[in-house]
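Chain by chain, the residues:
2 protein chains.
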Amino acid sequence: MKERPYILVCNDDGVFAPGIQALISVLEEIGDIIVVAPDSPQSGMGHAITINATIRVNTLSHTHNKEIYSCSGTPVDCIKMAMNKLAKRTPDLVVSGINHGSNSSINVIYSGTMSAAMEGCIEGVPSVGFSLCNHSYEADFEPCKPYVKKIVNMVLQKGLPKDTCLNVNIPAVSSEKIKGIKICRQARALWIEELDERLDPRGGKYYWLTGIFKNQDEGSDTDEWALFNDYISIVPIQVDFTSYNTLETLKAWDFNTNH
Amino acid sequence: MKERPYILVCNDDGVFAPGIQALISVLEEIGDIIVVAPDSPQSGMGHAITINATIRVNTLSHTHNKEIYSCSGTPVDCIKMAMNKLAKRTPDLVVSGINHGSNSSINVIYSGTMSAAMEGCIEGVPSVGFSLCNHSYEADFEPCKPYVKKIVNMVLQKGLPKDTCLNVNIPAVSSEKIKGIKICRQARALWIEELDERLDPRGGKYYWLTGIFKNQDEGSDTDEWALFNDYISIVPIQVDFTSYNTLETLKAWDFNTNH
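Going line by line, the protein sequences match chains S and F.
Quick note, the first sequence lines up with residues 1368 to 1626 if you use the working numbering.
Quick note, the second sequence lines up with residues 1368 to 1626 if you use the working numbering.
I should point out that these hints are in silico values taken from the structure, not numbers from a laboratory.
Check the hints yourself; a few may be wrong.
Since copy identity is lost for identical chains, a pair holds within one copy or between any two.
Claimed, not checked - Below, simulated DMTMM-like cross-link-like pairs (lysine to aspartate or glutamate); rule was C-alpha separation at most 25 Å, straight line:
#1 K1546 - D1621
#2 K1529 - E1585
#3 K1455 - D1563
#4 K1433 - E1509
#5 K1529 - D1588
#6 K1452 - E1615
#7 K1517 - D1399
#8 K1525 - D1567
#9 K1529 - E1505
#10 K1452 - E1564
#11 K1525 - D1406
#12 K1452 - D1563
#13 K1517 - E1370
#14 K1581 - D1530
#15 K1525 - D1621
#16 K1433 - E1543
#17 K1544 - D1621
#18 K1546 - D1584
#19 K1546 - E1505
#20 K1572 - D1530
#21 K1529 - D1621
#22 K1452 - E1395
#23 K1517 - D1597
#24 K1544 - D1507
#25 K1452 - E1561
#26 K1581 - E1509
The model shown is predicted, which means the values in this text are computed figures rather than measured ones.
Whole structure, please, built from the sequences with the hints as guidance.
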């Protein structure tokens, strides 16, 4: 019998979040799992790594088929810690999530959940991030489960193109309303910040970062369109950030004349 | 007379780092500047934003042509704070750096300095990140200055292609040895982690994240090649992470058959 796949699981909402628990419940039927996830919420950590402070790891449980660790670091730290210290062998797959809240469009760049998947990809392992478009702690992850199972099994079977991971977002609707899965491009969007200015008890100013998501992209081939129309969006994400389309334009600039 | 350009300056090594001081000395000759930079080192923060804690800002100096603020947040927070709260108008340019250490190749993804530039780009302002390939606090930034001036002036004059910013890396050699500027693609590379395991005074394990940079790319069109051969590398960086090359491959997968 073929060896069961070995799956590394991470997220950014923390090891005790309902989203990662839902993910674990699906993945432990598919393979042996190792969970290395933050010991506290790390939303918005992007691709941060911990270089000016130390990192701690706690073993939460350890059985033959399932190891669970919490880590004081960022989601990317968790992947590095797993790959280089905790995992018994190189994982066959990295799965991150299920995130509480959307990581579609430009959110991918701020997301600790997707950065964990991107780090898996950098390290050469097929990697997928899952997010449910509902920020609530009480969000219903049940409708996600068959799709997580399907996508994970397909990636285990087919692999992924080199240097590419998947950003999967799931609309926050009931199972019957989900229309299917669409392969999309990242919608062009940004956050219009609102820095909420307050005074502390001693009269000092401080700020909370908040904002409104603004989609600038009408394209029906985007993740935003798919999610708005009750499709699950999959955007293939690359870790090569080179803007190949503009290389020739820039080469034509006269950077090397005398200055 | 045409209005002087208004330039937003940031970094990740902190507002007092020699690298940003060198950058300021060049930019204040070109335009009016607003500096919003971290109040402490934020290397490796990637595109992190502060959403579970508050942010403080301190005014360090404020004259007609030069405003300098320190901010308790990440480099990306600094850009958001500047664009939405502190700047007197939308800046004409965002410049981040000069980073103490290389942000070439895959380092771009971990870099707070480059994330500040990417955030400027997301917010629609031409943005450039500069890094010197020398981590030392005492690094000599003098050879960088004429190139910073040249690149900044060119970007102010020509603008940048939409949704693209520049990742500029400068080799740590004397002025005479710099061979010129090359437009490059991001080299394929990764960090091979070494998690340095230690025991605290009470016998508890902790780790320092460290590692060795491994270039996997022999291409003479890469930033690594350019820097190794004493060229300044410029990689155009895009904030759309979609892997367009793989969209058709993934569309051919049968995601929507019954599961």
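Each hint tested on the structure:
1. K1546 - D1621: between (51 Å within a copy, 14 Å between copies)
2. K1529 - E1585: between (29 Å within a copy, 17 Å between copies)
3. K1455 - D1563: The answer is between: 18 Å across copies meets 25 Å, while 46 Å in one copy does not.
4. K1433 - E1509: Classified as within: same-chain Cα gap 21 Å, cross-chain 55 Å, threshold 25 Å.
5. K1529 - D1588: both (23 Å within a copy, 20 Å between copies)
6. K1452 - E1615: neither (43 Å within a copy, 37 Å between copies)
7. K1517 - D1399: Only inside one copy: K1517 and D1399 sit 17 Å apart there, 55 Å across copies, limit 25 Å.
8. K1525 - D1567: neither (55 Å within a copy, 45 Å between copies)
9. K1529 - E1505: Neither: 36 Å inside a chain and 40 Å across chains, both beyond 25 Å.
10. K1452 - E1564: Close across copies (10 Å), not inside one copy (43 Å); limit 25 Å.
11. K1525 - D1406: neither (33 Å within a copy, 47 Å between copies)
12. K1452 - D1563: Between. Shortest inter-copy distance 10 Å satisfies the 25 Å Cα cut-off; intra-copy 41 Å does not.
13. K1517 - E1370: within (19 Å within a copy, 58 Å between copies)
14. K1581 - D1530: between (29 Å within a copy, 15 Å between copies)
15. K1525 - D1621: Classified as between; 11 Å across copies, 46 Å inside a copy.
16. K1433 - E1543: neither (32 Å within a copy, 58 Å between copies)
17. K1544 - D1621: between (55 Å within a copy, 20 Å between copies)
18. K1546 - D1584: within (21 Å within a copy, 42 Å between copies)
19. K1546 - E1505: Within. Shortest intra-copy distance 23 Å satisfies the 25 Å Cα cut-off; inter-copy 59 Å does not.
20. K1572 - D1530: neither (44 Å within a copy, 33 Å between copies)
21. K1529 - D1621: between (35 Å within a copy, 20 Å between copies)
22. K1452 - E1395: Answer is within; shortest intra-copy Cα gap is 21 Å, inter-copy 47 Å.
23. K1517 - D1597: Close inside one copy (18 Å), not across copies (49 Å); limit 25 Å.
24. K1544 - D1507: within (14 Å within a copy, 61 Å between copies)
25. K1452 - E1561: Between copies, since 9 Å is at most 25 Å while 41 Å is not.
26. K1581 - E1509: Answer is neither: 29 Å inside a copy and 41 Å across each miss the 25 Å cutoff.
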